[in-house]
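Quick note, the sequences are listed as chains A and B, same order. According to numbering that gives the first Met the number 0, the stretch in the first sequence is residues 0 to 324, in order. According to numbering that gives the first Met the number 0, the stretch in the second sequence is residues 0 to 242, in order.
Do not rely on the hints blindly, as some may be mistaken.
[Stated by the list, open to error] Restricting the straight-line Cα-Cα distance to at most 25 Å, the calculated cross-link-like pairs of lysine-lysine (PhoX-like) are:
(1) B/LYS134 x A/LYS177
(2) B/LYS185 x B/LYS233
(3) B/LYS105 x A/LYS177
(4) B/LYS134 x B/LYS25
(5) B/LYS186 x B/LYS233
(6) B/LYS185 x B/LYS60
[Claimed, not checked] Just so you have them, the derived chain B footprint on chain A, three or more residues with Cβ under 8 Å:
(7) 5-15
(8) 169-177
(9) 180-192
Treat the hints as calculated values from the structure; they're not laboratory data. None of the values given here were measured: they were computed from a predicted structure. Here a beta-carbon is modelled for each residue, glycine too, at the ideal position from N, C-alpha and C.
Here is how the chains run, residue by residue.
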Amino acid sequence: MFRGIIDLKSLWLIGAIFIILLILPPIIPRFYTYILTLIFVTALLAMSLNLCVGYGGMFQFHHGVFYGVGAYTVALMLTKTSLPVWVGFIAGPIVAAAVGLLIGWFCVRLTRLYFGMLQISLGSLIWAIAFRWYTLTGGDDGIHGIPMPSLLSSLNSSYYFILIILVICLIVLYLIVKSPFGRTLQAIRDNPERCEAVGVNVRRHQLITIVIATFFAGIAGVLFVVLEHSVFPDLMFWVLSLEAFIMCLLGGWFTFAGPVLGAAIMISLRTFVGIYTEYWTLILGIVLILLIFFLPEGVMGYFLEKFKPRAKEVVERSSELNVAG
Amino acid sequence: MLQVEAVDKSFGDFMAVNRANLTVGKGELVAVIGPNGAGKTTLFNLITGQLKPDRGRITFKEEDISGLPPYHICKKGVARSFQIVNIFPRLTVFENVQVAVLSQQKRSSNLFRPAQNLAVEETNSILEDVALSDKIMDIAGSLSHGDQKILEIAIALGNEPELLVLDEPTAGMSPEETFATMGLIKKLASTRGLTILFCEHDMEVVFSFAQSIMVMHQGRTLIQGKPEEVRRNKEVQEAYLGD
Ligand SMILES: Nc1ncnc2c1ncn2[C@@H]1O[C@H](COP(=O)(O)OP(=O)(O)OP(=O)(O)O)[C@@H](O)[C@H]1O
Ligand SMILES: [Mg+2]
């Protein structure tokens with residue numbers, strides 16, 4: 000299945016990182032285990048977003064909504080019904096993907112910025128529902144103390160569970176990106192008009208991409224509940240969507256693993272800078288501006304470019320060109 | 000094979016294509032000529048679905064294709080290239096053509112097989128035919144203008160069309176490149192059994208390659224006929240070849 004799509008050197012590197020992550024929890028302070036887990040969850044959110052943004056060239060501006068929908072779905076099912084836990088876990092991504100299908104169906108009819116603007120409006124609508132429908136969602140307070148099976152009750156066990164799910168999701172996403180579907184998606188990103196002229200139903204392809212991406216965002220939402228045992232409307236607020244978008248740009252949206260790096264940087268920033276200041280959105284804005292001017296290909300893109308001869312296979316796309324379409 | 004009957008297209012008040020007619024027979028090499036702004040590109044966009052006609056009928060192999068979306072028309076066997084280079088700039092040359100071949104093989108939505116091992120032979124054979132084999136791993140956006148125009152044609156070939164529509168395939172090329180490219184197109188037409196509809200500004204090229212010529216002027220069809228007939232036509236001489 001992987002023949003020819005991953006080289007040995009990257010495989011070794013990934014294996015080494017994975018093993019280090021496996022042995023870390025018992026030897027690092029609890030707080031760092033928590034931060035790492037939060038990074039895993041957020042990395043999945045950013046990776047799913049990058050399928051739309053980096054690979055599909057779509058302005059998926061309000062991806063956080065689908066993360067929130069996944070989280071709220073599992074939270075409501077675990078607190079308001081007596082269905083088994085795993086049903087909730089599966090329902091999270093499915094409901095997120097269904098909402099993705101609904102919102103996406105309207106969005107793919109528009110182009111570029113209009114796509115993004117419509118998504119912000121429709122997404123904010125869902126946020127407003129979560130915020131206002133007090134009896135169901137707990138409104139501003141959210142839902143807390145969501146019961147988890149005993150297998151997932153300790154921080155370390157959630158850490159391992161979330162890490163394993165993340166790895167599986169990344170493998171699946173990698174296969175998708177390397178498949179004919181993924182290649183066609185990149186062609187659509189480069190030039191939708193031409194892609195339609197070679198027989199691709201561009202809107203349908205984009206819609207399927209959104210459904211896949213929102214499905215994975217839903218998984219990330221479920222993982223968030225596994226970690227935090229709570230949900231709140233901020234999960235669907237536009238600031239989180241902006242953060243996820245910046246993670247893609249920051250890490251390198253034309254590289255596969257860039258968003259993971261972006262998530263790690265952003266979560267660290269938010270944790271270690273955010274606590275000293277209320278001006279988190281201001282910091283976000285500054286990061287975004289610096290990025291656009293100094294690192295248009297993101298951190299990962301920058302380093303892959305710099306060490307090109309060594310990392311040739313890993314570079315998804317050359318940055319020699321400035322023509323985007 | 001292709002019939003365009005009294006087709007209109009206007010942008011606001013402006014009639015870009017006005018009761019245009021065109022016939023392309025199987026295996027023919029047909030040229031559309033006309034001064035800048037005559038409506039050639041608009042006509043091609045109507046044929047391949049980028050634009051929808053206001054009135055009139057376009058049939059391909061006796062089937063009405065007017066107003067169908069581009070991907071649908073492509074699936075019926077009509078592929079095209081564009082006047083202004085229209086490729087996938089961030090993909091490699093190989094991937095540019097492969098995307099079309101995958102679409103032709105109905106594999107564009109295949110999710111779980113590495114694309115890298117699919118449609119390789121077909122893609123390579125096309126790139127060999129157009130002499131881009133030595134650049135398959137180059138990023139398309141970094142090719143020279145001439146090579147990008149050739150890649151345009153190669154992408155269109157990926158769909159294994161019966162009718163190939165080429166909008167100024169040699170735009171921006173030097174005279175030598177132009178003749179080489181037209182030679183290539185003629186060769187492709189015979190080896191791959193293609194019917195070709197193209198437009199071109201260089202009269203020398205048009206009159207030496209085309210079997211049938213349609214002259215457009217201000218959106219209207221002045222005449223369609225063999226090169227000699229067109230050259231003799233008074234109206235054409237006045238309107239276009241006048242000088
Ligand atoms: N999308 C559009 N909106 C408005 N006007 C348009 C549009 N597309 C083309 N036109 C106008 O229609 C006329 C015909 O344009 P078209 O591109 O078809 O000409 P052409 O024969 O291909 O010219 P050229 O030889 O310069 O390529 C021009 O006057 C152009 O300005
Ligand atoms: Mg034109």
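Status of the hints after comparison with the structure:
The hinted pair formed by B/LYS134 and A/LYS177 meets the criterion: a straight-line CA distance of about 21 Å does not exceed 25 Å. With a CA separation close to 29 Å, the supplied pair B/LYS185 and B/LYS233 exceeds the 25 Å bound. Between B/LYS105 and A/LYS177, the direct Cα distance comes to roughly 17 Å. Compliance with the 25 Å bound is thereby established for this hinted pair. Between the alpha carbons of B/LYS134 and B/LYS25 the distance comes to roughly 33 Å, so the proposed pair goes past 25 Å and is violated.
Using a Cα cut-off of 25 Å, the hinted pair B/LYS186 and B/LYS233 is violated, with the two alpha carbons roughly 33 Å apart. Of the pairs offered as hints, the one joining B/LYS185 and B/LYS60 holds, with about 22 Å between alpha carbons and a cut-off of 25 Å not exceeded. Coverage of the segment 5-15 of chain A by chain B is violated in this model, with 0 residues showing a Cβ closer than 8 Å to a Cβ of that chain against a need of three. With 3 residues bearing a CB less than 8 Å from a CB of chain B, the segment 169-177 of chain A meets the requirement of three and the coverage assertion stands.
Under a criterion of three residues with beta carbons nearer than 8 Å to beta carbons of chain B, the stated coverage of the segment 180-192 of chain A is upheld, 10 such residues being counted.
In the structure shown, a violation is registered for the earlier hints numbered 2, 4, 5, 7, in ascending order.
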